[in-house]
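First to last, the sequence lines map onto chains A, B and C.
Anchor point for the first sequence: position 130 equals 130 in my numbering, and the numbering is continuous, going up by one each time.
One rule links them: number in my numbering = place in the second sequence (from 1) + 1000.
One rule links them: number in my numbering = place in the third sequence (from 1) + 2000.
Hints were generated in silico from the structure; no laboratory data involved.
Note that this is a predicted model, so its numbers are computed, not measured.
Where is the CB? At the ideal position from N, CA and C, for every residue including glycine.
Errors might be hidden in some of the hints.
[What the hints assert, rightly or not] The following label-pair restraints were derived from C-beta to C-beta distances: (1) B:1041 <-> A:292: 41 to 49 Å; (2) C:2187 <-> A:4: 52 to 60 Å; (3) A:157 <-> B:1089: 55 to 63 Å; (4) C:2043 <-> A:288: 50 to 58 Å; (5) C:2193 <-> A:202: 53 to 61 Å; (6) C:2228 <-> A:165: 46 to 54 Å; (7) A:262 <-> B:1062: 36 to 44 Å; (8) A:262 <-> C:2111: 49 to 57 Å; (9) B:1009 <-> C:2368: 53 to 61 Å; (10) C:2239 <-> A:4: 54 to 62 Å; (11) C:2341 <-> B:1009: 51 to 59 Å.
[Said to hold, decoys possible] Taking lysine to aspartate or glutamate pairs in the EDC-like style, the calculated list, with each CA pair at most 16 Å apart, reads: (12) A:40 <-> C:2048; (13) A:265 <-> C:2048; (14) A:87 <-> C:2048; (15) A:257 <-> A:291; (16) A:280 <-> A:261.
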Amino acid sequence: MSAPEFTYEITRGFLPGHRACAGCGQATAIRLVMEVVGPKAVAANATGCLEVFSTPHPESAWGIPWIHSLFENQAAVASGIEAALKKQGKLAEGVKVLAFGGDGGTLDIGFGALSGMFERGHDVLYVCMDNEAYMNTGVQRSGSTPFGASTTTSPAGRRSFGEDRPKKDLPAIAAAHGIPYVATASVSLFADVRRKVKKALGIYGPRYIQIHVPCPRGWGYDEKLSLDVGRQAVECGLYPLVEWESGKVTRVRKIKKVPVEEYLKGQRRFRHLFRTEEGKAQIAHIQELADENIEKYGLVG
Amino acid sequence: MTATGKKQRRKPPLGIVTLPGSSLRNKTGPWGILRPVFDWEKCTGCNTCESICPEGCIRHLEKKQYEADSEYCKGCGMCAESCPADAITMEEEHR
Amino acid sequence: MRKMIEGSRAVAEVVGLCRPDVISAYPITPQTHIVEELSQLVADGDIDAEYVRVESEHSAASVCLGAVAAGSRAYSATTSQGLMLMAEVLYNIAGMRLPLVITAVNRALSAPLSIWNDQQDTMALRDTGWLQLYGEDCQEVLDMHIQAQKITEDDRVLLPVMVCMDGFILTHTYESVDMPTQEQVDAFLPKYDPLYRLDPDNPYTLGAYAGPEMYQEVRYEIQRDALASKAVVKEVARDFQAAFGRWAGDVVDPYKCEGAETIFVALGSVVGTLKDWADVRREQGDKVGVLKLRCFRPFPQDELREALGTAKRVVVVEKAVGVGAYGIVASEVRAALYGQASTPQVSCAIAGLGGRDITFETLDEMLARAQAGETDFFAGLRTELLEAS
């Protein structure tokens, strides 16, 4: 007897047939989030990889009601949805309001609207898919691009070693708004993602979860290694997994601590650092950044 | 008029509303040439593969009997790479 | 009920009567009194709405977009720089066929910075897909809000509407207005029944992207429906007259145009000045008439042609500049008259920019220059300020 056909209910929230690259960290991340959120939710999504690969009309990978407006207003659109559903009594019935954006849409162009949503205290869970560049438009740098990474607008060249600014610390900025819950997560630690989403869903008010989602095309590694690369980012201290509640750090995930080289050497966007003495000095600086995180959040010991 | 006697409203204008789950008509299986092969003997039932598949096309009908839907599997190999029991291997599939 | 109130207060009250669920606006002179009055009405429980105090106009429009998409009635108001900042959201709302009414207070655009009235701001947004209604006085403006809400939610339209109201001239003047009752408005305006909405019980995806194989057809439907919405504007104006007993025109409204040799076409509050001036000139034997252009989008070509009839001369009074090409409204008037056996001379008279008063003297100048055959000029220009050329 042959196996029954695969079936996909729209209640799972995010369905196959989407056009994400093979090995896309974001696709895994959004599936994990939607698994926990369930079908009783409404989402506003920024322009970006997730929006583009999930909604080329007439196809949509979404099982929940979902709206895409512009690149930088998803937090405001979500605020409007929340206000409307509050008045309709739907929030009280347990409908969740979500907002999704990439690092570009969240901490650069969408920063103002995000801050406004936090400040006004809307009951919205905002999930940022952090692949550390404007990936959808072709790997241009964002405020979230880490130090030393080569992108198409911060390329390594004869006079440049790539991105020369540190990564904008949006989770700390979000926490500084005093919102009830902020967390960083990595798609590589999928149980941790589920736990944080579940925790956030049980809290009222603005919540922010930033998920590190490796990008095989943009970072330059074999697509099967997405979860390995993500895990290295966590274990070397460059992507600390921290939770804040009402502005105070309440939990961190301890790491084993591996040298940053282990993480950097496997990605084309950092490979140029290994070729010159100046580059190696930058690697040393990156190690300092990792050590600062380890120190600041007590990631080791 | 509909059966209930209510006036039939217009359909939404072109391009405004997209139906949920309509992506299923887009079979992404042909994207890749690799397919995961699951060794059910080695499988520990940890569910990692099903959890992390970017397509969400891995399922198990019985405990420790995992399989991938070749209609949507892009052959990325993340499942094989993350299986703690090394129970998944990627094999070339020729169509 | 008759009351003597500030124009902004009249707008706030009538917006309340239209029962918005979500109000979101960012303060900007001279719209501020509207949002302040609304805030007080909400604070006192006179309006039952969620008031979202956004951090920018871009977000104000986005909040309204989200609220309407979620199935509620929303409202915003802005002007000038605020309209420019929310411009991409306005295109988005129209493109997504979401019903929304906003008050677009008319104010000049920076640079230079000016808080005073002209119509450059809404003229710059004539291609957004929003319907545009221009009110002559506070009574008409408040009536327009009720009509606009009905027009925007009509299945034949599904396009947002901006009610344009001259800043300071109408927002900050007191006028004796007849404010409808809640019962009257409830009878005229049905509860918002969205054609599609964000609802977990019936999920849809809104805002998917369109490839080259279909984008053009989506825009074609918007154009088709925008042109067809003219009929709805006219229908709603008639229904409003039947329900509320007031008529201020539907898409155009002629004043003393019968037998007029020169007809002045204008939008907004200057129409009031023109009517008073026309009374005086008519008594002096000048055959002048005034045509109020009430609905600018969709542009009522047929009605305009008919109303201009056999006038020899048309003077379009413009409070905006089509920089590099002269008249914005005049160009559309000229286009509407194109191809007829005989067409009047159409003069574009730019005046009233940045709050410059349009007086009887200005209008005298316009008439004289048009009679002398001038077709494109600034009226009331202070030449002494200009650099010697």
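Evaluated hints:
no. : hint                          : verdict
1   : B:1041 <-> A:292: 41 to 49 Å  : holds (47 Å)
2   : C:2187 <-> A:4: 52 to 60 Å    : holds (57 Å)
3   : A:157 <-> B:1089: 55 to 63 Å  : violated (41 Å)
4   : C:2043 <-> A:288: 50 to 58 Å  : holds (53 Å)
5   : C:2193 <-> A:202: 53 to 61 Å  : violated (34 Å)
6   : C:2228 <-> A:165: 46 to 54 Å  : holds (52 Å)
7   : A:262 <-> B:1062: 36 to 44 Å  : holds (38 Å)
8   : A:262 <-> C:2111: 49 to 57 Å  : holds (54 Å)
9   : B:1009 <-> C:2368: 53 to 61 Å : holds (55 Å)
10  : C:2239 <-> A:4: 54 to 62 Å    : holds (58 Å)
11  : C:2341 <-> B:1009: 51 to 59 Å : violated (44 Å)
12  : A:40 <-> C:2048               : violated (26 Å)
13  : A:265 <-> C:2048              : violated (59 Å)
14  : A:87 <-> C:2048               : holds (9 Å)
15  : A:257 <-> A:291               : holds (9 Å)
16  : A:280 <-> A:261               : holds (10 Å)
Hints 3, 5, 11, 12 and 13 from the list above are not met by this structure, while the remaining hints are.
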